[in-house]
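With the hints as your guide, set chain B onto chain A.
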Amino acid sequence: MPDTIVSHDVDLVKGYMARPMEAGNYPGLVIIQEWWGLDEHIRDVTRRFAREGYVAIAPDLFHGEVTADPQEAGKLAGSLDRARAVRDTQAAMNYIQDSEFSNGKMGVIGYCLGGGVSLLTACNDSIDAGIVYYGGLPNPLDLLDNIEAPILAVYGEDEGERANELETELNNRGKSVEKHIYPGAGHGFFNDSGGNHNGEAAADAWEKTLAFLKANV
Amino acid sequence: MPDTIVTQDIELVSGYLARPIEDGKYPGIIVLQEWWGLDEHIRDVTRRFARQGFIALSPDLYHGKQTADPDEARGLSSGLDRTRATRDVIASIDYLKSMDISNESVFTIGYCMGGGISILTACKTDLAGAIVYYGGLPNPVEQLDDLNAPVLAIYGSDEIDRANDLEQALNERGKVVESHIYEGARHAFFNDSWDERYDKDASDDSWVKVMDFISKNS
Chain A
1 MPDTIVSHDV
11 DLVKGYMARP
21 MEAGNYPGLV
31 IIQEWWGLDE
41 HIRDVTRRFA
51 REGYVAIAPD
61 LFHGEVTADP
71 QEAGKLAGSL
81 DRARAVRDTQ
91 AAMNYIQDSE
101 FSNGKMGVIG
111 YCLGGGVSLL
121 TACNDSIDAG
131 IVYYGGLPNP
141 LDLLDNIEAP
151 ILAVYGEDEG
161 ERANELETEL
171 NNRGKSVEKH
181 IYPGAGHGFF
191 NDSGGNHNGE
201 AAADAWEKTL
211 AFLKANV
Chain B
1 MPDTIVTQDI
11 ELVSGYLARP
21 IEDGKYPGII
31 VLQEWWGLDE
41 HIRDVTRRFA
51 RQGFIALSPD
61 LYHGKQTADP
71 DEARGLSSGL
81 DRTRATRDVI
91 ASIDYLKSMD
101 ISNESVFTIG
111 YCMGGGISIL
121 TACKTDLAGA
131 IVYYGGLPNP
141 VEQLDDLNAP
151 VLAIYGSDEI
161 DRANDLEQAL
171 NERGKVVESH
181 IYEGARHAFF
191 NDSWDERYDK
201 DASDDSWVKV
211 MDFISKNS
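Chain order of the listed sequences is A and B. For the first sequence, the working numbering assigns the number 1 to the initial residue and increments by one for each residue that follows. For the second sequence, the working numbering assigns the number 1 to the initial residue and increments by one for each residue that follows.
Looking at chain A on its own, in the form it has when it is part of the complex:
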């Protein structure tokens, strides 16, 4: 009888990793994608952090989908199951913690869509630093009660209100937050492959991000 099934190994959650070549123990950092998916820009950012001495992983929250089309990106982001995205992020954290290169410390950074997921992860898991670039607030807001990590919030001037709201909500709960709003910069200003790139703001935010990470992981 011919077999009636197919069987094979499968990747259930995937990601992209960059780490220092030299053996040693490094802090971990999970990088969370914009709504375009795990694209070349996010891979590039992951490598940049590795060059700064982090074991860096970007999980693929869209499970294989990448796009450069804003409408398609909007659809992918809109239908993303946030709880699943947080679990995928946690899988990346677990992977780093399991590796021989980890020093046990863990930061999470996310941009745009990923900024919101970064915050949500900080509400769900014990991490050492949470960084959000122009991301949304958790829904419901009371999830912020569970945050333990200090938060760095980076926004362009166009989303100053969102930044202030996040700062207020965290302050009201006695959480540690450092906020920067860049005049003249817009959503996605750090993305040097995108149309909204602002070189000056991006360079300054990069320095602030490295300093914040250095202080906390």
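Note that these hints are calculated values from the structure, not bench results. Since the model is a prediction, treat every value here as computed from it, not as a measurement. Treat the hints loosely; a few may be bogus.
If we take Cβ atoms under 7 Å as the criterion, some of the chain A residues that face chain B in the derived model are [to be verified]:
#1 G15
#2 A50
#3 I181
C-beta: ideal position from N, C-alpha, C; glycine also.
Here is chain B on its own, set in the frame of chain A:
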């Protein structure tokens, strides 16, 4: 300047999948490993479910490790982060449900260590049913308050206390549970790759009970 970093695409969670060749809509079942890891026996069981018309998926809860040595297995099992394991199972459920051939209905079945994870998963997410072969109760047991799925519990008579504890804990909470205790059978009696423990009669009968439970709850 030579680059000072290494980069690679990685698997954060992986598993073994078996499914019917023919296109169609099939129920899913997540097959959860014994403390040996995702070994050839668990792969074989996963294929058996596929032959019965399931999309069957077994996540690798040990992330690349497996052993045939009981001491090492004990170490791996006691070192397993249950919270992470449950997330790996839910990642498997998400993956399975995203397949074109999924009919959205998903069961979990686990053996030994995986039996405990099967029950624990049912405390964390919605399932069509959870099947446990000689597995432990959640710790703390109050997690069972959140369980919604019907449970099929299968034990050998060497673990009759454990079986009764589980049945009682579920009954007290008004949960649906069907228990079978096989006289003379021992822990791991379903594992036909382990001569010393394998009990063919109990194993064959329990397979029928599993199929009945699934068709009743599909």
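To see whether the hints hold, each was checked on the structure:
| no. | hint | verdict |
| --- | --- | --- |
| 1 | G15 | 5 Å, holds |
| 2 | A50 | 4 Å, holds |
| 3 | I181 | 32 Å, violated |
Of the numbered hints listed earlier, the single one contradicted by the structure is hint 3.
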